[in-house]
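Enquirer: The residues making up each chain are set out below.
Protein chains: 2
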Amino acid sequence: MKSYLLNPHAQLFRFGNPIETESLSYSRDRLELQIEASLPLFEVDCKTDETVLRYKMNKGDRVLGLGEAMGGADKRGRYIEAYATDDPVHTPDKSALYGAHNYLFISGHSHCGIYLDFPGRISYDIGFTHPDEMIIIIDGVDFDLYFFQNETLLETVQAFRNLQGVGYAPPKWAFGNQQSRWSYDTRNKILEVADNMRKKWLPCDAIYLDIDYMEGYKNFTIDSTRFPDFEDMVKEMRTKGFRLIPIIDAGVKIEPGYEVYEEGIEKEYFCTNIKGEPYKAAVWPGWVHFPDFQKPQVRKWFGEKYKNLVDFGIEGFWNDMNEPSIFYTCEGLKKFIEKAKECERKNLDLKDYFELETLFETLSGSKEDYESMYQMLEGHRTSHHKIHNLYGFNMTRAAAEGLQDIGSNKRFLLFSRSSFTGMGRYAGLWTGDNHSWWEHILLMIYMMPSLNMGGFLYIGSDIGGFGGDASAALLIRWSQASLLTPLFRNHSALGTRNQEPYAFDDKTTDTMRKVLELRYALIPYIYSEYMKAALKKDLYFKLLSFEYDDDHSKEVEDQLLVGDSAMMAPVYRENDRGRYIWVPEEMLLWKTVMNHQDEFQVIRPGHHYMHLELEETALFIRKNKMIVLSEPAQNVDLMNFSYLTVLAFVDHYAEYHYYDDDGISMEYKDNEQQGMIFRIHQHENAYKISVDQKGNMDVKIINFMITNMQGEFTEIVYQVSDGSLQSKQPE
Amino acid sequence: MKSYLLNPHAQLFRFGNPIETESLSYSRDRLELQIEASLPLFEVDCKTDETVLRYKMNKGDRVLGLGEAMGGADKRGRYIEAYATDDPVHTPDKSALYGAHNYLFISGHSHCGIYLDFPGRISYDIGFTHPDEMIIIIDGVDFDLYFFQNETLLETVQAFRNLQGVGYAPPKWAFGNQQSRWSYDTRNKILEVADNMRKKWLPCDAIYLDIDYMEGYKNFTIDSTRFPDFEDMVKEMRTKGFRLIPIIDAGVKIEPGYEVYEEGIEKEYFCTNIKGEPYKAAVWPGWVHFPDFQKPQVRKWFGEKYKNLVDFGIEGFWNDMNEPSIFYTCEGLKKFIEKAKECERKNLDLKDYFELETLFETLSGSKEDYESMYQMLEGHRTSHHKIHNLYGFNMTRAAAEGLQDIGSNKRFLLFSRSSFTGMGRYAGLWTGDNHSWWEHILLMIYMMPSLNMGGFLYIGSDIGGFGGDASAALLIRWSQASLLTPLFRNHSALGTRNQEPYAFDDKTTDTMRKVLELRYALIPYIYSEYMKAALKKDLYFKLLSFEYDDDHSKEVEDQLLVGDSAMMAPVYRENDRGRYIWVPEEMLLWKTVMNHQDEFQVIRPGHHYMHLELEETALFIRKNKMIVLSEPAQNVDLMNFSYLTVLAFVDHYAEYHYYDDDGISMEYKDNEQQGMIFRIHQHENAYKISVDQKGNMDVKIINFMITNMQGEFTEIVYQVSDGSLQSKQPE
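Those protein sequence lines, which keep their order, are chains X and D. So in numbering that gives the first Met the number 0, spot 662 of the first sequence is number 661, and the numbers just go up one at a time. So in numbering that gives the first Met the number 0, spot 149 of the second sequence is number 148, and the numbers just go up one at a time.
Derived by calculation from the structure, the hints in this document are not laboratory data. Every value quoted in this text rests on a predicted model; they were computed, and no experiment measured them. Certain hints may be false.
Since copy identity is lost for identical chains, a pair holds within one copy or between any two.
Derived lysine to aspartate or glutamate pairs resembling DMTMM-like cross-links, with alpha carbons at most 20 Å apart [what the hints assert, rightly or not]:
hint : residue 1 : residue 2
1    : Lys553    : Glu612
2    : Lys350    : Asp184
3    : Lys294    : Glu377
4    : Lys553    : Asp575
5    : Lys55     : Asp505
6    : Lys366    : Asp138
7    : Lys350    : Asp211
8    : Lys55     : Asp504
9    : Lys338    : Asp351
10   : Lys188    : Glu230
If we strip away everything but chain X, and leave its shape as in the complex, we get (with noise of 0.2 Å):
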């Protein structure tokens, strides 16, 4: 083992000569070798073949981070994979999902964190077998361990956001409302989506494609017959003011004359078995083989191959079945049938049919599966087992790589399924098949920060659902916790009962409305804070205990701190028309009222019980901080970003960076300061404000609605001319 200082609250221990993953961005120049260090509070037992790290936790230790997993934002008491695994039912004792995401923040009397940079299966016993022993064994030898540490716990996880280097930044239409479901499987139906927004006035930016609009399933291709003229369809749809987003599988369908597959296999860029052959495994398409993404060559031609669609007006996609995704395999579906006959040939018989049964349910994803498949790693033939939990990841870097060629100064929207540390800087992700499970809404909330921890940034849930049947509440209440989750998309499965926002009775329609022009006007807000955290490498997301530092706000998991500004503390059980609420510091509680003035209330720090009818959506602004809103519309590209709504909760002073881009181009890399710069100060019972600008903006008016302390209310507004700021009304 090596150890390397990075910084002071950074170090690298490396562990034999581990694979390069590239999930980190940071200049490995200046890499200071420390002589004789050793890792902090970790016991480290290295084996032959695999590695165990323990870490005694304390009493008041709480672990932090691991990203996409089950449980709430606390893992301690859990056992947890990192595994890729596609799982369509997330029960609550499920240990994988679709990302594997090695790092944990330990937050007690003092803060430290570790990140594995390992590809393979990493398993997380975090006083699951012992109550207060954290046992993690890495299925390997060979791996890097960054330790982090510093006073605070945002600090020591900002250590480790450092390392990430800038997020990904999606267009600012993404941060509409995205409708979506498996399956709008022909023209008519997606134009009847869109009719039924733009009817039901519900704003709404981008429709989404799953696999049916494809020729058999297969990616890069258009079903004819079900979409014709397609790049008339999505002209009609941009008249109509939406995207289409189509979606891309992983696997690449074996069909002779299928120009995907016949270049794939000349050149040798599929996955292989051990005697080189193409893998071969059953998903959507039926047989396909996997594109070995750890080829740079492989990486460049997946990724040119997005132009096809981009070329009919394409400008978002969604990568799926990446972790990857196997139905089942010749071999494996071979060995069932036999045992089906066995099973008949013994009369039926009580034990063969629960081996049976077994083997059915182990068909899908099956760890003997990826041991027998292939990638091709520095020259030599790999089993895809060992870097596993790479294959998502380099997928959606060849996507966002071949569409920054294709799009040169352009941003389109991608995100993915899997996903691997680092696969922040190329794309956003989605938590996947969630279920219409009230305890669905409260899993996506413990999802959100522990997801940012980890760059992961443009984020969000299949609102409503995706498998099962949503119930009308249960969408209203969805959306209102998704208020502020940079992806908001409402996805269901195929079979399902539909959920689209006008599919239940009026008032849900009408509740929906109002759920979705609040999102809308709170789009300047969202977009500021998501660029800035994705430029500055900071959080979007964050739990209380990130920013204050009582006992209560180290236990309360289902209220979150989002952006510089705002709190949201969401309703997220079925029927309940409130909940209770921890409020460390004085907070401004907007609450939207159905047909009626939205209300403001100051909130004292302290417990409270927050009445919230199901049409009530409620937003907290913090002591000194301000939002930003502008006018919803119904769809980004309509809505007015001069004019401008400053809701501000004052005590003497307040600042606010609020950024602002053209919201499409590749310019904002440089320029993380871009934007205003709004100041009030109160002064005896009046404000001053001044707002410097930088770069270029075009906003006309700014109307300030500040509040104070004693919940008085002052509305002030101003118009900017020639980047000076000037009252519009007599001070």
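Given the structure of chain X, go ahead and fit chain D onto it with the hints provided.
Expert: What follows is chain D alone, placed relative to chain X:
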């Protein structure tokens, strides 16, 4: 439709010619026929072969009841089916579980309720399809509908409870801690559990025998290899202070020479196919027949079989697999195997694979199987499907009636997995195969009051969860939440982690000991409240809204009133160190603290955050109420109920009926007044206490520990001699 007035609060609406289920137990001698009565509030649509009931829900309406079902106490927004189902994965969207409980109560501006006495399938769409409409579909046209209405919610539910008959009374020892697992499958394993319990000073009254104690899963047999000299073993266990509780399954193994099978065939006691041949299905023993419990002579025959085990000294049973559970039938499995072969012929085609998957998933408990099974009903061969929901009820009735004959004046422990309204007269139930999920603690809390409404009183969930792996903290919190459930049993599945109270670390064992000792200390109160609820047809578990009128009490679903005097508000989320509580009036909080004196605190009305570490258990005593305790011991038989402690929280005057009896004989039946009445008058700064005694009681010393509204504590020790009361200390 005919209508009868049963009493001012209960009407019977008879549709067609219903099957007599015997679910209710009230005198039908004086049914008063109502001329031109129509069903209030519900719209009825009688179709050819089904009946649809519609009810327009108002904004504030809550829909309570429906017994064993997923979701909160308020079922609004849910879709629920009454069709007994052996589904071992209770995800939030499951519509049917093991029991069929066709009662619901609508609580809004006014209160009403219905009970549908119908043995077939019923579906309840409670605002799922249309947020404000309840649609009930009865799979038939012959049924009894009972309609209840009264001033308060409690009185409305009591109008239903009053028709249900006196509840099942288990022996007193059945309120002790019970330890189960699938499976302690040898004599040595049972002894090891018993020894561990005693060695670690963990009170325990019973250890369970799951299916492996039988020879080849044959009911009423003992595997003599694994359990040599069973009678001696039962005796040895009794000497150690444990009862053994064997399982009995519904299916009878097809095995020539096996007495139960041979008799059943000879006497035509089994359910048949349409041709009248015994119906064959596979369950644990392999191929079985199902006794036709609809026939009185079959019930008598099966009930008598329990004597085989009672003769060994057995005093309690659990009836399982009585939905009845079917793993597969010949026809089903053959169809599946044919499909598998076809899949092979078609070169493992994806479409065939999905069909195969569906076939496999529907192999167990398919409606088709139930439709092709037949039972005799009033001399007619009737499809089991039509009376499906009565199966477990009648099996358990068979057992209860058999045991009453066998034991004459003795009570047996008896509970069942499947159930129908009315079974609460004969036995208890457990909530089936839950999981080691934190969410299932909350589910248990929701289910308890819902089950009570239907007269199921001896109830509990598998503490620690049946499926999946429990953590130490989960077991502790689940045990705390079950502190007052009549059935207190830790049970877990084959292949899961051991979860006995001693199976974790020493600290967990210590905490569990403390929880168990508290449980035992509370047995006088638990038993008193249980027996009064059974005898007076009252409720043991109640939602707060049954006793408190304020608006917020209507919202609360995660706190329960237990008996007359107590409220529970357990912590049920992982890593939480406290929870919010709503206290509608002053209550006394009793909190156990590890290694310290217990804490008592007067809680003022309102919302509070209650700190409660993992090691702490909380119990609330209501105003002007008291609970009765005695010293815990290693089992109930060893407890001394002559020495009692009364914990009272008194403002002016409190009165309590302490019920007690011999705990084992049937003589309780006509003696609901049995016991003592404690009266505490607060007079200026002193208390005047009086005790009235009725029936044989052996109470010698009562230690009154009284707290007043100011939190001031007074202890008064009384000696009872010759039925009169004397102070032990100078007044």
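Enquirer: The structure should be examined with respect to each hint, and the outcome stated for every one.
Expert: Cross-check of the supplied hints:
Within a single copy, Lys553 and Glu612 get their C-alpha atoms only as close as 28 Å, which misses the 20 Å cut-off; across copies the closest is 14 Å, which meets it. When the C-alpha separation of Lys350 and Asp184 is checked against a cutoff of 20 Å, the pair qualifies only between copies, where the shortest distance is 18 Å, while the shortest distance within a copy is 43 Å. Only within a single protomer do Lys294 and Glu377 lie at most 20 Å apart by alpha-carbon distance; the minimum there is 9 Å, versus 75 Å between protomers. Within a single copy, Lys553 and Asp575 get their C-alpha atoms only as close as 24 Å, which misses the 20 Å cut-off; across copies the closest is 10 Å, which meets it.
For a Cα distance limit of 20 Å, the shortest separation of Lys55 from Asp505 across copies, 16 Å, qualifies, whereas the shortest one inside one copy, 56 Å, does not. Taking identical chains as interchangeable, the C-alpha atoms of Lys366 and Asp138 lie at most 20 Å apart only when both belong to the same chain, with a minimum of 13 Å there against 46 Å between chains. For the identical chains of this complex, Lys350 and Asp211 are inter-copy neighbours only, at 15 Å across copies versus 40 Å inside a copy, given an alpha-carbon limit of 20 Å. Taking the shortest Cα distances, Lys55 and Asp504 sit within 20 Å of each other only across copies (14 Å), while inside one copy they are farther apart (54 Å).
Taking CA atoms no more than 20 Å apart as the test, Lys338 paired with Asp351 passes in both settings, with 8 Å inside one copy and 17 Å between copies. Taking identical chains as interchangeable, the C-alpha atoms of Lys188 and Glu230 lie at most 20 Å apart only when both belong to the same chain, with a minimum of 17 Å there against 71 Å between chains.
Checked against the numbered hints listed earlier, the structure breaks none of them; every hint is satisfied.
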